[in-house]
Amino acid sequence: YAPWGYIFDGIDHEDGWVQVGDRYLPVHMSGARVLVPVEAVSHEAVEQEADQATRKYRLDNSQLQHKGPGLAWRLSKDLNNTAGSQHFARWREIIEGLNEGDGWVKVDARYLPTHVGGVQVLIPQTTPQAARKYRLDNSLLQHSGPGLVWRLSKDLNDVAGEGQFAAWEDVFEGIDEGDGWVRVDDRYLPSHADGLQVLVPLEPDKVARKYRLD
Numbered sequence: 001y002a003p004w005g006y007i008f009d010g011i012d013h014e015d016g017w018v019q020v021g022d023r024y025l026p027v028h029m030s031g032a033r034v035l036v037p038v039e040a041v042s043h044e045a046v047e048q049e050a051d052q053a054t055r056k057y058r059l060d061n062s063q064l065q066h067k068g069p070g071l072a073w074r075l076s077k078d079l080n081n082t083a084g085s086q087h088f089a090r091w092r093e094i095i096e097g098l099n100e101g102d103g104w105v106k107v108d109a110r111y112l113p114t115h116v117g118g119v120q121v122l123i124p125q126t127t128p129q130a131a132r133k134y135r136l137d138n139s140l141l142q143h144s145g146p147g148l149v150w151r152l153s154k155d156l157n158d159v160a161g162e163g164q165f166a167a168w169e170d171v172f173e174g175i176d177e178g179d180g181w182v183r184v185d186d187r188y189l190p191s192h193a194d195g196l197q198v199l200v201p202l203e204p205d206k207v208a209r210k211y212r213l214d
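Residue numbers (the working numbering): 1 to 214.
Any given hint could be a false lead.
[Stated by the list, open to error] Beta-carbon label-pair distances, calculated as ranges:
(1) Asp108 / Phe172: 33 to 39 angstroms
(2) Gly10 / Val119: 36 to 42 angstroms
(3) Asn80 / Pro201: 42 to 48 angstroms
[To be verified] As a list, the in silico DSBU-like pairs of lysine-lysine whose alpha-carbon atoms are at most 35 angstroms apart:
(4) Lys154 / Lys106
(5) Lys154 / Lys67
(6) Lys56 / Lys67
(7) Lys56 / Lys106
(8) Lys106 / Lys77
(9) Lys77 / Lys56
(10) Lys133 / Lys56
(11) Lys154 / Lys133
(12) Lys77 / Lys154
(13) Lys67 / Lys106
(14) Lys77 / Lys67
(15) Lys56 / Lys154
Quick caveat, the hints were computed from the structure, so don't treat them as lab data. Just so you know, even glycine gets a beta-carbon here, dropped at the ideal spot from N, CA and C.
Could you build the full structure based on these sequences and the hints that come with them?
Here it is as structure tokens:
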């Protein structure tokens, strides 16, 4: 059996049953709902669950405005116990760690504070989205070139090379990393250029689904 409060991945067959592997659980029992989608639980419950499992965070310097290249790793939950001047997580970097619930996120054997000087520096990221289609749009940017240059990393200056670009109006499939970049295989494109949107997400393709005559 599945204990009460248990969270699992399953497929809703839209017929009152959720498939988990090769087994099934009913959505309702005696007229009462017993399976609740995680997205529908309260905000407090989501935060509590987040503290019990690792999740991704983005290092954010937009409020702190620190002049350094990143946030120094700590060897313990002490701001003064740094791992050394050369050991830091870069601003805008995505890290995965466990929120200890006391203002610290543990990443392997090291720590990062969620706030510095009362300002939040670790931003929880939403669950990564599945790949979806995007169209390269030049209607706002009005760039004179033939397209947008591919990047080898999440750095505008790290270009893939001459002639390596996605042409305007091209449609491709990629994954939104949640930090202003879309990953396509092992390359990247920025979602905005000069503050203007250049990657337009397209509506998901409609696919056949099962229906039951009731």
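Hint by hint, here is what the structure shows:
1. Asp108 / Phe172: 33 to 39 angstroms: holds, 34 angstroms
2. Gly10 / Val119: 36 to 42 angstroms: holds, 39 angstroms
3. Asn80 / Pro201: 42 to 48 angstroms: holds, 44 angstroms
4. Lys154 / Lys106: holds, 24 angstroms
5. Lys154 / Lys67: holds, 20 angstroms
6. Lys56 / Lys67: Holds, at roughly 24 angstroms.
7. Lys56 / Lys106: holds, 11 angstroms
8. Lys106 / Lys77: Distance of about 9 angstroms is within 35 angstroms: holds.
9. Lys77 / Lys56: holds, 19 angstroms
10. Lys133 / Lys56: holds, 23 angstroms
11. Lys154 / Lys133: The given pair, whose Cα atoms are some 19 angstroms apart, holds under the 35 angstroms limit.
12. Lys77 / Lys154: holds, 29 angstroms
13. Lys67 / Lys106: holds, 24 angstroms
14. Lys77 / Lys67: holds, 23 angstroms
15. Lys56 / Lys154: holds, 16 angstroms
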